[in-house]
Amino acid sequence: MAEIVLRDLVKRFGPIAAVAGVNLRIEDGEFLIMVGPSGCGKTTTLNMISGLETPTSGEIRIGDRVVNDLEPGERGLGMVFQDLALFPHMTVFENIAFGLRVKKTDGAEVERRVKAAAEAMHIGALIDKRPSECSGGEAQRVALARTIVNDPSVFLMDEPLSSLDAKLRLDMRTELKHLHHRLRATFVYVTHDQAEAMTMADRIVVMQGGRIEQVGAPLEIYRRPATRFVAGFFGIPTMNFLEGEVAAGGEGDGPAFRSTRVEQPLSASTPTDVAGRAAPLGVRAEHVRLVPSDDGGGRVTLTEPLGDETLVFFEYGGAAPLVAKVDPDSPLGPGDPVAFEFDREWCHLFDAEGGARLN
Amino acid sequence: MAEPGHPAVVDATAPARGRLPLGRRLSAWASQERVFRLIPFIAVEAVFILVIIIPFILTIYISLLRWRANRPFEQANFSGFLNYGRVLAKDEFWMALGRTFYFAGAAVILELLIGFVLAYLLHRHIRGRRLYITIFLAPMMVVPVVVGYNFSMIYVDSGPLNEILAPFLEPFGIDPRIRWLSNPFAAQWAIILADVWQWTSLTFLIFLSGFAALPQQLINAARVLGASPAQIFWRVQLPLLKPAIIIAVVIRSMEALKMFDPVVLLTFGGPGISTQTIAYYLWQEVWVFSKYSYGAAASILLLIFFSVFIFFGIWLLVRQRESVRRVDVDI
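Respectively, the protein sequence lines represent chains E and U. So for the first sequence, the numbering used here puts the first residue at 294; every next one is plus one. So for the second sequence, the numbering used here puts the first residue at 224; every next one is plus one.
Excised from the complex, chain E in its bound form (with noise of 0.2 Å):
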């Protein structure tokens, strides 16, 4: 069993609370991603969780054990690095048997995991070769290979990939996502790319200023997303926010949202108590229709093809300009004007104040 559990964790450095209170469960076998911007504290939770970092305050449970005051080598977790930090003086295979070597284990039974764990990660033919000599992807498997030769039952991972190039990262995704089928093992993994978390969590975890914003299945925070941050977080584009307030509905028809230039129908379904607020609404490009037309009020400022899809950017008087995703063979271009509607199912409110979700 690896569950783990965080309990009102805190993280003081200083005056700074790094980890305001964080509280967790992480299923066995579940692969959990941590994501949000620079200095949200992802980093830090990893670490107390792998005991590199002390917490200030609250539990950490691994298991049955509560393991604050356990070493980081005894705590049954492997751990990849943001630079994989490979013994740069010993070879690929000492690298991978260091953690079998540090616990004496038999020389015959070293040789047979390291050549396994290698195999397993198709670097049989590095295994004498130093890790300077290694291409980055290598290099990322012999990290991998190191933790896995220890039959760890979590995996920690601090933004493992970031230090391969786009392509190679789109390969290692898929081949993590494999790896953690095969090994069944809890894997918690920190990433400030919201992309690397859609494509390989089960859950993900959100978090901003030391604290979670949103724990969900990646499609469930795509699209309701609990926060404003949340929402402007996840998806490429960055969702569309406009500024403005929630009129009630009348007679025949529902509620509203309006601004100085957009008055766009809200779902019946709108809570009622959000009529009369001031509430920021957000909504996806791929939520934003577009028509030519003379008197729509907008205007194309600049296109962006993507092949599969294009995205439209347009000003409409507003404070910034709106964008749209269209079939890539839409004639429009930059100039052209354009007439606007959002998918009332999908339009997002939310607390002008704390930025909470409201619908």
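Don't read these hints as lab results, they were simulated from the structure. From a predicted model like this one, the values you see are computed outputs, not experimental measurements. Each statement offered as a hint is correct.
Here's a subset of chain U near chain E, in silico, CB distances under 10 Å, partners left out:
#1 Leu-441
#2 Val-447
#3 Arg-458
#4 Val-459
#5 Leu-463
Now the in silico label distances, taken between C-beta atoms and shown as ranges:
#6 E:Arg-516 <-> U:Leu-461: 47 to 57 Å
#7 E:Asp-421 <-> U:Glu-256: 50 to 60 Å
#8 E:Lys-396 <-> U:Ala-361: 41 to 51 Å
#9 U:Leu-344 <-> E:Ser-350: 26 to 36 Å
#10 U:Phe-259 <-> E:Glu-597: 45 to 55 Å
#11 E:Arg-475 <-> U:Leu-461: 30 to 40 Å
#12 U:Tyr-325 <-> E:Asp-421: 39 to 49 Å
Ideal placement from N, C-alpha and C gives every residue a C-beta, glycine not left out.
We have chain E; now place chain U onto it with these hints.
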């Protein structure tokens, strides 16, 4: 030089040049592009030739003469390799050389050990770290003459060293007025310890920066893999500090082989010749006994001996540095 393409320019400046004062003409000449970019090289080459090449050739020349201070330089006869043969046949030369390696070896080993231990203790963030570092670096900045003089005061019969030892010696009936610098063995170690006191600072500094350059992530990785602090030290930190250790050995050996100041200030080579280092021996032959040619020949021989020794060290160093550089680029 008149370029065919630009006759007008040449004509305009040529007559004017003669009327300019010398300083202006010189600066005009020096600010031409082809001259100006050579100026740094000219300066460096000039200094190099003046202070290195000329004295070096002169030393070789003098070593081949029979010249002592009692005779004018112009009347010195050419004597071929006579002086070299004399130096190599002289017992005092070999004894001084052997003693120098003994002093340097003992001093450098102690400096490495103590410097390493101090750096290990201070490489982590502990209370008062900056204060300790400042204190441990101070001896290096003291003028060697002052260090020698201070140690000569420490070692005198009624000096502080004997004062401290007295309570431990008197109960056993030992006279606490030990004359440290009169016993050959004690005098040798008095000099070695003075050198250790001053230059442990340097090895400490080298090792401290070596520890600071070790990536913390490597140590974290070793911790997560279950290594104890001792295992981390022997398997990760020490192997990665090898370049720093070799740098310290080479730099300190180069200096310690020239050990001179503490000998002059503490013992003047005595008692007898028991603390004569090779630098002291050379100085005495040349400046006390005025044997210029003999001294020149001995210097050239020493240059050859020490070069072989130091180049071996540098060869080790470069080999290490290359393996480390490859790591830096890729990881």
